[in-house]
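Engineer: Start from the sequences and build out the full structure, keeping to the hints where you can.
Chains as they are written, first to last, in my numbering: chain A, 320 to 878; chain B, 320 to 878.
Each hint should be verified, as a subset may be incorrect.
Heads up, the list lumps identical chains together, so a pair's fine if it works in one copy or across two of them.
What the hints assert, rightly or not - Straight line, CA to CA, 30 Å or less: simulated DSS-like cross-link-like pairs of lysine-lysine:
#1 346 with 551
#2 537 with 783
#3 867 with 380
#4 518 with 783
Since the hints were derived computationally from the structure, they do not count as laboratory data.
Protein chains: 2
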Amino acid sequence: MRNTLDMGDEHTTHPPVRFETHPDRYKHWRLEFPKEHGGAVARLVMDIQENEGLRPGYPLKLNSYDLGVDIELADAIQRIRFEHPEVKAIVFTSGKDRIFCSGANIYMLGSSSHAFKVNFCKFTNETRLYLEDASLETGVSSIAALNGTASGGGYELAIACDEIVLADDGSSAVSLPEAPLLGVLPGTGGLTRLVDKRKIRRDVADVFSTVAEGVRGKRAVEWYLVDEAPAKAKFDEAVKSRVDAMVARATRKPHPPVKLTPLDPKRTATGTEYQFVSVALDAAAHKATITVRAPSGAEPETPADLAKAGANAWAIRAWRELDDAILDLRFNHLDIGVLALETSGDAARVLAVDAMLAKYKDDGLVHEVTLHMKRVLKRLDMSAKSLFALVHPGSAFAGSLLEIALAADRIYMLDDPKSALFTSPMNAGPLPMGNGLSRLQSRFLREPERVGRVLESTGAIDAKQALSLGLATFAPDDLDWDDEVRIAFEERASMSPDALTGMEASLRFGGPETLETKIFGRLTAWQNWIFQRPNAVGARGALTLYGKPERPEFDFRRT
Amino acid sequence: MRNTLDMGDEHTTHPPVRFETHPDRYKHWRLEFPKEHGGAVARLVMDIQENEGLRPGYPLKLNSYDLGVDIELADAIQRIRFEHPEVKAIVFTSGKDRIFCSGANIYMLGSSSHAFKVNFCKFTNETRLYLEDASLETGVSSIAALNGTASGGGYELAIACDEIVLADDGSSAVSLPEAPLLGVLPGTGGLTRLVDKRKIRRDVADVFSTVAEGVRGKRAVEWYLVDEAPAKAKFDEAVKSRVDAMVARATRKPHPPVKLTPLDPKRTATGTEYQFVSVALDAAAHKATITVRAPSGAEPETPADLAKAGANAWAIRAWRELDDAILDLRFNHLDIGVLALETSGDAARVLAVDAMLAKYKDDGLVHEVTLHMKRVLKRLDMSAKSLFALVHPGSAFAGSLLEIALAADRIYMLDDPKSALFTSPMNAGPLPMGNGLSRLQSRFLREPERVGRVLESTGAIDAKQALSLGLATFAPDDLDWDDEVRIAFEERASMSPDALTGMEASLRFGGPETLETKIFGRLTAWQNWIFQRPNAVGARGALTLYGKPERPEFDFRRT
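Structural biologist: Quick look at the structure:
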């Protein structure tokens with residue numbers, strides 16, 4: 320069955336999306352290191368090539384973007400963190416005249432399936448959150464130098480930066496025109512950041528979000544939409560002075576650069592093979608198995624060794640591979656609804672890596688590597704797939720890899736003397752979820768004392784202990800394992816994928832909410848709803864008719 | 320334009336819903352005061368009359384409910400608070416054999432429009448939250464005495480209670496079968512309360528929420544789904560012992576009973592007239608004006624006088640009328656998208672009422688009256704209508720009535736010497752929003768010191784002060800007022816109602832999240848999305864095919 324309402328869903332098949340790129344191949348961004356700042360500043364110039372969209376059919380006019388543009392941005396931020404440790408601030412600006420960025424391309428959205436729109440927004444949200452993570456955790460501040468109008472996703476990129484300077488030139492504005500013009504919401508956290516990050520008064524935010532033409536100059540400053548609106552002649556100076564201040568107060572720890580080398584996965588019809596990660600697809604069962612392997616040999620024991628090993632270190636490579644695998648499953652394998660999460664190899668080697676990361680946590684590179692693990696795990700938490708971890712002899716669910724099991728909706732553990740889980744300092748806080756809690760804290764909201772009890776467990780935790788500690792959901796023995804696991808997967812795969820997505824989004828994030836979980840849980844859910852509504856995507860909906868002479872026709876019944 | 324996807328939306332018109340009722344007219348509940356507890360306990364027996372649904376076409380089998388059932392429940396809880404101050408605990412039980420409650424009636428849901436489903440869930444959520452409010456704020460505890468199976472909304476009612484006792488009789492179970500059986504979510508806060516109220520481990524909650532047949536006896540206790548599961552023979556004793564303990568530790572303050580008398584509104588095609596509230600409908604403009612009038616004469620100055628005035632006191636009656644007006648607009652006037660919020664009369668009289676409420680806040684009845692105001696204002700916050708407050712000479716936006724303006728998305732204030740706002744102690748905390756903050760705190764997240772500055776303003780706050788304090792959004796003068804206000808309403812009414820609903824849900828609730836805001840912001844948004852999806856409501860969707868021999872067919876693309 321296909322969505323009948325969903326514009327394009329019946330006709331559009333999206334070509335596979337690939338997430339690896341490199342500055343040498345960027346089409347839409349220039350990653351520059353202006354000499355005047357002596358390497359301490361990265362300048363990301365958005366200069367979008369109209370005819371280089373991911374798919375044909377929608378020229379990327381007025382610096383509007385599609386997923387391909389955001390994949391480059393995500394790559395650039397990642398590389399600034401690993402390859403350019405000398406960078407302390409990022410300046411976002413535009414290569415176009417009078418326009419900074421006009422947001423996500425509307426024709427791209429209009430011709431995308433519902434699932435693609437939702438996944439697109441999720442990825443762009445992650446990119447902006449990870450830009451904020453670079454500021455908060457690594458100490459790379461960012462500034463949006465709006466040398467032209469920033470509308471929709473353009474302004475949403477700006478408010479993901481720490482500071483915003485808008486040229487007061489009589490025409491440049493900031494705006495969120497989605498609701499008034501398109502009948503949808505700003506899809507990249509804009510509304511949440513208005514009231515929760517910039518803490519703009521709700522009535523002011525309301526006015527701003529319904530004025531299609533946006534707000535300019537002094538008023539934009541008065542409303543806290545931007546931090547400064549200098550005259551055009553003083554714009555560069557104002558930006559430079561803020562950037563200099565950012566660099567001066569930066570606390571980024573030095574470390575040797577680490578080049579992020581290509582992952583070179585082997586993709587076939589039945590799955591993908593990376594060095595440390597395998598993905599096996601079972602399309603008929605709507606299931607895929609992700610296996611993450613422990614290191615196969617010695618891994619770096621000091622930060623210096625880690626720098627030497629670079630992107631080949633397990634602590635970097637395995638997690639980059641897992642990240643790529645998750646994104647591939649999200650975008651290119653929509654029919655896969657359930658992921659079996661497996662690990663294999665020598666748990667002791669994982670624990671050794673974790674011990675090194677914990678011992679040298681104050682080192683710049685170690686810190687960066689740990690933050691990357693954190694982001695990959697968050698990507699897993701946020702994936703609209705059911706996650707079942709399978710633990711059995713040969714598994715390596717230890718420390719950082721145990722977090723993969725703790726991210727799962729259920730943990731099945733074979734009751735066998737050789738089945739084991741292991742904790743490490745990496746389970747005690749360095750890899751928090753979006754809600755700010757560790758996965759163990761999120762798990763034991765009712766009995767927080769269990770967190771300590773689990774962390775005190777040294778050595779192998781067998782199935783019976785895992786059950787009593789509250790780590791394993793089920794621990795069938797050898798006689799029952801095959802049937803119980805098979806039935807669990809079959810049942811899960813037979814349920815409504817939509818109900819499961821909504822259920823998992825509700826159960827995974829107990830406890831406190833943060834800007835991040837509000838973006839994914841509250842704002843995104845409303846946006847998904849609106850993306851289904853005829854008022855947006857019906858034949859006479861606002862998104863459908865954008866740019867056409869006809870005016871949208873609304874069903875005015877308020878829901 | 321009509322929703323093409325929305326089952327029933329084209330064909331179903333819902334008869335108007337009325338929200339006033341009385342125990343003498345209950346069809347589905349018996350409100351009893353068992354002699355054995357000497358009046359300290361109210362027993363609410365759910366004994367649903369199959370053929371007495373609000374609309375024909377869906378027999379309410381197996382103690383399943385529709386909106387009419389929940390209107391009676393809401394009325395009962397309200398009356399226990401006002402009319403039965405001697406009650407310290409509520410026991411929920413069933414008048415049917417072997418079934419406590421099987422939740423919302425599926426055929427009712429299947430034959431309801433999308434808007435009705437959403438409004439139905441919102442109301443039932445409010446009823447359960449107000450049951451929890453009765454426990455937390457008034458000291459009326461509640462216990463679910465599950466003398467039979469509680470599934471779906473039946474279990475959701477149980478977890479809204481403080482304690483749950485389930486008969487261990489080999490067949491009685493608790494369950495949330497919505498996802499596995501119906502392809503939707505439990506719609507009354509079930510998932511959120513699993514992980515955020517009972518703090519059940521996320522993997523256990525996952526299993527429970529996907530096992531259609533539910534969980535019985537000892538396992539239900541082990542999983543914290545219920546507090547106790549005594550054998551059938553010991554069931555009554557176990558319930559009684561818990562109820563006795565509730566009564567023994569109750570801290571409910573005594574007050575004279577206050578009978579909630581009928582509101583007797585006059586309804587016409589153009590609006591509704593209550594004693595203190597008027598609603599004027601402008602269907603063509605998708606607009607309604609709600610006017611709340613200040614007291615017209617002397618109001619009680621002491622708790623004793625308040626008890627004497629009873630439901631005729633402005634502090635009770637005006638707010639009950641406003642509550643009824645809001646619910647009427649939500650359910651019976653879907654085409655109304657924007658509400659003009661107005662007040663009129665003598666602000667000094669409102670301030671006098673507020674002063675009395677503040678002075679005697681420790682009195683039981685005063686406390687109850689204030690809690691009621693709080694709930695009515697929350698109902699406004701949660702309404703899917705745009706709210707514009709209009710302040711001009713003759714308005715009475717003072718104290719508790721100022722909260723109505725603070726609940727609005729915008730405040731327009733005529734710049735005239737006679738326009739004025741007034742604060743009172745009621746703006747300083749006793750009327751919090753669902754997020755736990757006062758409306759002033761929610762307004763000034765960026766500059767919390769402004770809360771104090773506003774509260775220190777004694778006497779009339781004129782338009783210029785209101786602007787500079789951050790209370791007024793706009794303050795046009797007499798020359799501009801008519802045009803500016805008219806255009807604001809016209810523009811608002813011309814926008815996509817869905818985008819506005821999602822936008823307002825995002826901007827109104829900055830700052831912290833609570834169980835309550837998670838239910839309305841996160842869970843409800845996902846449910847709304849799912850209620851639109853073909854996998855639930857399409858021709859082959861699970862909700863559509865429930866009870867039919869065919870199996871649902873799912874589009875397995877995960878979004």
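Engineer: Compare the structure with each hint and give your call.
Structural biologist: Hint-by-hint comparison with the structure:
no. : hint         : in the structure
1   : 346 with 551 : within (28 Å within a copy, 72 Å between copies)
2   : 537 with 783 : between (65 Å within a copy, 19 Å between copies)
3   : 867 with 380 : within (16 Å within a copy, 51 Å between copies)
4   : 518 with 783 : between (48 Å within a copy, 23 Å between copies)
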